Each structure stands twice: as structure tokens, then as C-alpha cells.
Amino acid sequence: MDINKRKRELVNEFSPMLEKTSIVSKLWIVALIAIILVGLYAFYLQLMNGHKITGMRDNVVWGIYIINFIFFVGISYSGAFITGVLHFFKGSWKHAIARIVKIITVLSLIIGPLFILLCIGRLDRLHYLFMYPRIQSPITWDIIAIMTDLIGCFIYLYLTFIPDFAILRDTENLKVPNWQKKVYKVLAIGYQDTASQRERLQKITEIMSVMIIAMAIVAYTVLAWIFSLTLQPGWNSTIFAPYFIIAGLYSGVGVIIISMYLIRKTFKLEKYIRKIHFIGAGIVLLVISILFGYFTFSEYFAKWFSHKTNDVELLDTLFSRYFWEFILANYIGVLVPIAILFFKKLRTIRSITFAAVIAVLGLWLNRYLIVIPTLETPYIPIQDTRPEFVFYTATWIEYALSFAGIAAFILFFKLIMKFVPIIPMSGIIDQERCEEKRKKGTTEQVQ
Amino acid sequence: MERNLLKYPFITSIVIVLFFSNATFAQENDVTNYRMGFNFSTTKQFDNSRLLEVSFIATNKKNRKDKVPVFNTEVKFYNVLNEEELLLGTVNTSKEGIAQLILPENQNYLTDDEGNINLIALFEGSDTLEAETAEIRVKDLHLELNLTEIDSVKTALVSAFTIDKLGEKIPAEDVEISFYIQAMLSKMIIEEGSISDGAYEFKFPTDIPGDVNDDLFVFAMVVDNDEYGNVTQSETAKWGIFHKHIMKEENSLWSAVAPLWMYTVLTIMLVGVWANYVYTIINLIKIKKEEDEIKLKI
Numbered sequence: 001m002d003i004n005k006r007k008r009e010l011v012n013e014f015s016p017m018l019e020k021t022s023i024v025s026k027l028w029i030v031a032l033i034a035i036i037l038v039g040l041y042a043f044y045l046q047l048m049n050g051h052k053i054t055g056m057r058d059n060v061v062w063g064i065y066i067i068n069f070i071f072f073v074g075i076s077y078s079g080a081f082i083t084g085v086l087h088f089f090k091g092s093w094k095h096a097i098a099r100i101v102k103i104i105t106v107l108s109l110i111i112g113p114l115f116i117l118l119c120i121g122r123l124d125r126l127h128y129l130f131m132y133p134r135i136q137s138p139i140t141w142d143i144i145a146i147m148t149d150l151i152g153c154f155i156y157l158y159l160t161f162i163p164d165f166a167i168l169r170d171t172e173n174l175k176v177p178n179w180q181k182k183v184y185k186v187l188a189i190g191y192q193d194t195a196s197q198r199e200r201l202q203k204i205t206e207i208m209s210v211m212i213i214a215m216a217i218v219a220y221t222v223l224a225w226i227f228s229l230t231l232q233p234g235w236n237s238t239i240f241a242p243y244f245i246i247a248g249l250y251s252g253v254g255v256i257i258i259s260m261y262l263i264r265k266t267f268k269l270e271k272y273i274r275k276i277h278f279i280g281a282g283i284v285l286l287v288i289s290i291l292f293g294y295f296t297f298s299e300y301f302a303k304w305f306s307h308k309t310n311d312v313e314l315l316d317t318l319f320s321r322y323f324w325e326f327i328l329a330n331y332i333g334v335l336v337p338i339a340i341l342f343f344k345k346l347r348t349i350r351s352i353t354f355a356a357v358i359a360v361l362g363l364w365l366n367r368y369l370i371v372i373p374t375l376e377t378p379y380i381p382i383q384d385t386r387p388e389f390v391f392y393t394a395t396w397i398e399y400a401l402s403f404a405g406i407a408a409f410i411l412f413f414k415l416i417m418k419f420v421p422i423i424p425m426s427g428i429i430d431q432e433r434c435e436e437k438r439k440k441g442t443t444e445q446v447q
Numbered sequence: 001m002e003r004n005l006l007k008y009p010f011i012t013s014i015v016i017v018l019f020f021s022n023a024t025f026a027q028e029n030d031v032t033n034y035r036m037g038f039n040f041s042t043t044k045q046f047d048n049s050r051l052l053e054v055s056f057i058a059t060n061k062k063n064r065k066d067k068v069p070v071f072n073t074e075v076k077f078y079n080v081l082n083e084e085e086l087l088l089g090t091v092n093t094s095k096e097g098i099a100q101l102i103l104p105e106n107q108n109y110l111t112d113d114e115g116n117i118n119l120i121a122l123f124e125g126s127d128t129l130e131a132e133t134a135e136i137r138v139k140d141l142h143l144e145l146n147l148t149e150i151d152s153v154k155t156a157l158v159s160a161f162t163i164d165k166l167g168e169k170i171p172a173e174d175v176e177i178s179f180y181i182q183a184m185l186s187k188m189i190i191e192e193g194s195i196s197d198g199a200y201e202f203k204f205p206t207d208i209p210g211d212v213n214d215d216l217f218v219f220a221m222v223v224d225n226d227e228y229g230n231v232t233q234s235e236t237a238k239w240g241i242f243h244k245h246i247m248k249e250e251n252s253l254w255s256a257v258a259p260l261w262m263y264t265v266l267t268i269m270l271v272g273v274w275a276n277y278v279y280t281i282i283n284l285i286k287i288k289k290e291e292d293e294i295k296l297k298i
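Protein chains in written order, with our numbering: chain H, 1 to 447; chain E, 1 to 298.
For reference, chain E alone in the conformation it holds in the complex:
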């Protein structure tokens, strides 16, 4: 036996690997082999509600493709100012390891003198997992998107501002903004730029197909901004050119009148067959006539 094992080192090595593989697997499943990802983000949505989202996913230290969502764990969201702490809500993570909380437009936030909102996401820990926390500081940016025609030129206008404690609008500066169109499966980018003096304007492209009603769904998005986080605004306009470019497909078999070729083919075939019937009957009449001739001869 021993001799055989030494004789075939390749097979022996596979057997050894198989023998220890189970133990290795058990070891890999250990929580210490995973790095916890506790990512917190916030998005101000087009209806001015605010989405708070935590992605709680464990990634294998050795194999980054091996990701395990931490699901059904409680995440608490706070709005914090100095010593004051306001619990916004508590959400359990989904099967994908996502915890989402949507705050309405009229939510009152604790803000500092500069208008910053401090948001904290907290996982208090469990027997196997350590506590996790993440913090975001954002200003409440207001985005207004208008799609109008200026001198017959289709134009997209964005104004971006914050509102101070006195209720005055303060224009945003140097904020990167992108514009998208809702396509069938994802959003298609049509413009990128930087907001200056609280505004951005561009000539809207005129060759974009819309939906069946010619509607275009336009999104203005500020993404991962250090000061404002994610901010989205959307607007709809009948600027699509769907009917102009795509010909309506017609199935002539469903129409009231059949296509000409069908009448032609059917007529040729039927005339051919029925003409033969007539020819046959004419010949039968001739046979009958021949009898009359025979009788006359007799």
C-alpha cells in the first residue's frame, strides 16, 4: 500500500488534498476570515425624500469574489448634533445585506450652523460580529430641473441651492452634475458638467427616442459629492422622437384587406383548377354529342 502511494505521487497528492479539503472549507467559513463592509450612503430622491442605505457585506480576505451578505441584523440610523441624538429609525438588513430607510420630505433634521446634517448608521454587534458604525455629513441640496424651449431650442435648466436658517437660497458652487435618460434597462448619460453660481444649462439633444407616447424621462444626478452626498431630480418631457424614426410594423394578414399577392396566387390557382373542370365537362359534352352523331349515321 505504502509502496503504491509512493509509486503514484500525483494520485496520492490528490487524495491528500481531498482529505484535508473539508477542514480547509470549515476554516474558510470562519468569520475571522472575512472582512466586514459596512457602507453607509444617503440619496436625496426626486420627490425630495431622503434615502439612507447601509450595505452590510462580508468579503473573504483571501478571495474577494466570496461575498456573504449579513442579513436580518438590526441597523439604527441617527441624526446627531453635538450631544443631541435623534433616532431616525431602525431597519433590519435584507437577504442582500441592505438596510434602507426613507425619510419624508418634511423630516426635521438637526443641523449645525453651516447647515450640515450628521447622519450615523449603527450596528450594535452580536455574539459573532463586532459593532459597526458609519457616519455621513451632508448638506441638504435642493435641485430644480426644468425642461423648456427657449427660442425654439429645447433646453435643460438646473438650479442647485441650499437654504440657510433664515430661509434664504444660497447657490451651490462647483458641484459635478450628470444628466441621464431612462432607457429600457438602465439610465443613459447625455450630459456632464459642473454647477456654477447655482445653475447649469445645456441644449437638449433632439435625436433621442422616447417611449410609445414620445415621453422622455430625464434625471439630473449629483453623485458621491463630499458636501451633498447623492442628490437626484427628474422631469418628464414630450421630446422623444419615437414615431418619427421607427416605422410602425404592419401585419397585412391582420388588415381588413388581404395583400395583393394573396389574391393573385389564389386566383391563379383556382382559375387553373376550375378551368380544368370546365375543360373536362366540355369534353364530356363532346362525348355525348358523338353518340348523337353515331345515331344519325345509323
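Next comes chain H alone, as it looks inside the complex:
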């Protein structure tokens, strides 16, 4: 196989993604920037006026910012987990989704923690967290875990990009701006695809992939401990850490399926992102949804059966004030994906994507029900106070910033796809190289 010729072919195939931007795509970018600008304005108002313009008060000190944080970080950790596992699979099918998962992992790990910053009342004291950390506090563990994990994911993403940067650097007729070519050159760090370079890169990538699986589990466990190590009703649970990991995987796989669907449609990548990928991801989602449903049932059943006063009060709140949210999150959000994915005939690309959308929305609501009702039913309620000080309703500021976060996630995704092909060219070449080797080996054996 002529490697250089094959590289040129692949660049020709994927370069339109990098070189051209359609009008629809431009409109999308404008719309996303507009949403982000509205979010920035909301942030400015929040900074000037303080948290009084949000729905957060004395009881509910964590609003939808924290929910978005858990949600995004959950997606990231599940992405890290999946990408690490994918690395050890052999087969060309994995290349179609591997890079999507990696980008989701890194982006959600950047966007998620930003919501924590929005939740902090005195941002001017943020540096105290690093200057005077209490190592006993799960919050400190979480900061350390997130920072370490973010850097790890960045390094891992970069490692898998290097061969593609090198291919793009070596492509002379690539119609991209000069600064972009210079960036390719710098980021390719002189990678020439020699056997020793390839071997070295593969070795460190493998170590990193093992590490980020472990880090994802540790970091998301720590995040779950922020809740479960407190004595709050609804949070103080021994199964919270595995429950969070399963929930993270549930939302992560859901977002991956949705991303696969959108990328496939936008860039017409039917050749690479095939139905088999959706069916595979759908079956994974089915297994995780059953596990998630099982954990959810165990969690609430134990609370109901123990009959502890505060747990009962919490369940009463969930089944009265949050009745529909509870039904949507824990019944519809679990049973509908199971119903769709369980039957072979229903497993079409569209239905699997629909199940993923339901799962993702259901899980966001599930996170909402974990955070808000618990804070609304504290052990020592504030006496004779206004209802708006006890009960939480998000304001437009919080929604604006939440949508800005989602818009930033999509915008960054689009920009990364403008910078490097979403299907790793080096991965395809490596795969073909391996197949050729195997064929050669078989032929020699026959002779």
C-alpha cells in the first residue's frame, strides 16, 4: 500500500470539511454566538447584582448551575471511560466514533466546571480555594480531580490528533489560512510517521487511555461524594458513587448518539458512521438504561422502606410538587429508551437517536430532582419566611447562562471540526496497514 497516496486520498475526502463553510453552518455559528452573548450579558448582570437575580436563596443554594455542572462533567467522564475502552478494541468501526467521543469528553470537561464558577457568590475570592484548601473537603478533592482529569484528557486528545496534524501539515494544496497551516506544523511536533515515532506514540497513548478510564471513575466518584458524604436526605447514600457513574454513562452514550446523528447528517458521513454504529451504541444505551433504572429504583425504594422522617418528607415532595418531573425523569426517561431499544425491529437510526434524546433529557431532570427537592426540605427549615426563599425557580439569567453553555459546547465542537477531520485519517491508515500486514502474514504461511 502506498501510504502517501492513501493519505492524499483521505485528505481529499475530508478536506472540504476544513476548507468550506456552508451558509447554514455560518448561520448556525452566528446563532450560537448570539446565544453566548446573551449568556455573557446575563453573567454581567449576575456579577453586578449578585445571586439575588437568580432563583438561589438561603435554602436552595445550588440551582441549575450545579445540575448543568454534574450533567456536563458526567458526560465528560463517561466519554473518557468510553474512549479509553474503545482504544483497546480492534476494528475499523471504532474510528468513526472515537474522535467524536474524545471531543465530547474534553469540551464537556471545559464547559461543566464553568457552571461552578457561576454558582460561586464571591468570585473575587475564588483564589482562596487554591490558597487555603482544606484537604478533608470533598470539594477540594473534586477540584484536584477535575483539574487533573482535564489536563489528562487534553493530553490524550492531543496525542490522538498528532498523526492527523502531521498529515495536514504535509498536504501542500490544503486550502486553509496560513496561520492554520503554521498551527498544524507546531502541533505536529515533527511527527514523520516513522516506525519508532509510531511505536512511541502508540505506547504513551495506550498508557494514557488506561489512565483516563481510572481517572474518570475516581473523579466522578469524588463528585458523587460531594453529595453522599453529607447527611442531607436524598444524598446520604452508599450507592451514590456507582449510581453517578452509571448515570454519567447513560447521558454520555446518549449525547454520543445524538452527536453521531447530527455529524452524519451535516457532513454526509454515511460511509463512515453506519447503522451498525447506532445499533451498537443503542444496545450499550439499553444495558445502561436498565442498570440506571435498577439503581434509581434501589435508591428510592430504600428511602421509602426505611421510613425515616426526612426521607419520607422528601419522597412526599417528589410525588406532589415534582410529580411530573419525577415521572418524566425516572419513568419516561428510563422506560421509553428501554422500550425502543429492546425490540430489534424498532432499532432504526432515528428511533435510537430519539431514545437517546429522551435519555439525555430524562437524566438532566433526574439530576434536577437530586439537587433541588433535597435543598428545599432541609433538616431545620427556616421559620416564617417567604415561599420564594424556600422553593426554587430558576430565573431567565440562569436559563440564559445554561443555554450559553450548551451553545458554547456546540460552537467549540464545530470549530474543532473545522480544524481537524472528525474521522481520524491516521486511524484509517493504521487499520489498513495492520490488515495488509495480516494478509501478508497469511499469504506467507500458505506458501
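In case anyone wonders, no lab produced these hints; they're calculated from the structure. Predicted, not measured: the structure shown is a model, and the values here were computed from it. Don't take each hint at face value.
What the hints assert, rightly or not - Which chain E residues stay away from chain H? Per the calculated CB distances, all over 12 Å, these: (1) T59; (2) N60; (3) N108; (4) D140; (5) L145; (6) I150; (7) I181; (8) M184; (9) K187; (10) P205; (11) E293.
Claimed, not checked - What follows is a list of derived Cβ distance ranges for each label pair: (12) E:L266 - H:K182: 32 to 42 Å; (13) E:N146 - H:T238: 52 to 62 Å; (14) E:K289 - H:K182: 44 to 54 Å; (15) E:S126 - H:F301: 48 to 58 Å.
Even glycine gets a Cβ: it sits at the ideal position worked out from N, Cα and C.
Given the coordinates of chain H, work out where chain E should sit on it, guided by the hints.
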């Protein structure tokens, strides 16, 4: 039908029992099936006030476990001497069938020549209940409890006496007395004995835990004495040994400095991960260097 009833005698008997059970229940609820308990007692309390208490409870003649408190009935308390009658107070019974009257320390009683106080509790009766009365005769016993250290020995001293009409103290004799410590849920007995020549003394145990301030609440009690009724006195002393025996539990996670194991585990984990990052970067530098070597070869 008749044949069926005869065929299944067991079921038939249950039906018959069920049929008559309601009537039986109504009959059982009749007041004539209950024996009235009208118990009167008096306790001289630690602040020298006197508690008069009547327990008015009806007990089923057939089933002694079936007890019904007679509540919201008026009970009158009298102090009586010969023909003279002094109404001390009128109290209604509670839901538990208890009527309590507390007389202050400075209450004037009618007493006979021997110093006896005659107390009467009276329920005047109603349409359904007959009148009940109970009488108690007690002497006003004074109890003084002192907790002191004699030659470094913790000692509890009690003096018990009555006061005659001339105001002279007459020591009590042969009065059974018990000493208790206030525990979490009830009183714990620590000493029993008999008062002789108006006094009782014992070496106080030194191994009793007190409350968080090391305080012990000690009670001296004369219970159901024929002559004096119930008399209670109490005193507090810092004789508890709470802090000496129970180690203060510390949660190291709430302390200013984290436990050593936490630093160790965190350091090992972080060093492990960051060392790998450094290793990765070193390898990336080597990849970069290799390019330079290739260029030199060319």
C-alpha cells in the same frame, strides 16, 4: 341449611360466637364490671413542697389488664382535724386519671398533738360512679442531704427529723431510706439503709459517671413509710468522673489538619498521574528530537 350447620360444627360455633360477641362487649363495658381504684398518696418533694396525688382508675374485674382512667372528675383535698375541715384544693383528673395538687412549703396544716397531718381525698360521686374517699395520715418529716468530703472521703450525710409544736427537732428513728443517682432514663439506686438517731451516713461511690459537667444528681428518698409517707430530697455534687473514663471522640476530617493517611493516599495518586503526564511529555519531546535527527541525515 340446618343440615349444613350441623355438618360443620366448628364453623357454626364461630358464627355463634361472632353473633353474640357484640352483646358480650357491650356488657363488658358496663361500669358494674369494673372495680374502682381510688389511690391517694403524698410526697414531700425536694423543695419542701408537698404533692398530693390521686390515681383514679377503673380495672376490669375479669381482665385486670383492661384499665380505664376516670378522667375529668373533680377530686377535693382536705386537711382534717377532729371536726375541723380545711379545703386544700380541688383538682380534676387528667386523661390518665391522675389528680395532683402541690402545696407550697409554707402551707399551714392542721396537726394533732403528735404532729400528724390528716389528709383526705374525696370524689363526691356522679350519676354512674359512686363516691370515693381515701385518707392518709403523715408526719412532716424534714430531710437534709449533704454531700461533703470528710478526710478526703466523699461522704453522703442525711439528717431526718420532725419539728414539734415548740419548734424543737425530734430525730427520726428506724426509717428506711434509699439513695439514687439520676441516670439518663431513670434513677439508679446506689445505697439503702435505715435512719438511726435521725441520721444516716455512707461513703459515696467514686466510680459513677456524671453529666458533661461532671455533675451528679443525688436523691435521698423515703418511700411508702407508714409514718411519713413519701419524702424526697436531692443535692448536686461535682463528683462525676465523666471525662476520666470516656475518651473524647474526634473526627479528624473536621480538624484543622487532615489525617496523615489522607495526605499519603492523595500524594501517591497525584504523583502517579502527574508522573505519567511528565513521561508522556518527555516522549513527545523525543518524537520532536527524532525529526531533527531525520533532517540532519537528509
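Status of the hints after comparison with the structure:
No beta-carbon of chain H is positioned within 12 Å of the beta-carbon of T59 (chain E); the least distance is around 36 Å. Every Cβ of chain H is farther than 12 Å from the Cβ of N60 (chain E); the closest lies at roughly 35 Å, confirming the non-interface assignment. Every beta carbon of chain H lies more than 12 Å from that of N108 (chain E), the smallest distance being close to 48 Å; the non-interface claim holds. The beta carbon of D140 (chain E) sits about 49 Å from the closest Cβ of chain H, which is more than 12 Å, so the claim that it is off the interface holds.
No beta-carbon of chain H is positioned within 12 Å of the beta-carbon of L145 (chain E); the least distance is around 41 Å. Against the 12 Å criterion, I150 (chain E) stays outside the reach of chain H, whose nearest CB is about 49 Å from its own CB. Listed as outside the interface, I181 (chain E) is consistent with that label: its C-beta sits roughly 33 Å from the nearest C-beta of chain H, beyond the 12 Å cut-off. With a least CB separation of 23 Å from chain H, M184 (chain E) remains clear of the 12 Å interface cut-off, as annotated.
Consistency note on K187 (chain E): stated as away from chain H, and its beta-carbon is indeed over 12 Å from all of that chain's, at 31 Å minimum. With a least beta-carbon separation of about 39 Å from chain H, P205 (chain E) lies farther than 12 Å from that chain, consistent with its non-interface assignment. A beta-carbon of chain H comes within 12 Å of the beta-carbon of E293 (chain E); the shortest separation is about 10 Å. Distance hint check: the CB atoms of L266 (chain E) and K182 (chain H) are about 41 Å apart, consistent with the given range 32 to 42 Å.
One distance hint, 52 to 62 Å for the beta-carbon pair N146 (chain E) and T238 (chain H), holds here, with the actual separation near 55 Å. For the pair K289 (chain E) and K182 (chain H), the supplied restraint of 44 to 54 Å is violated, since their beta-carbon distance comes to about 21 Å. The beta-carbon spacing between S126 (chain E) and F301 (chain H), approximately 55 Å, falls within the hinted interval of 48 to 58 Å.
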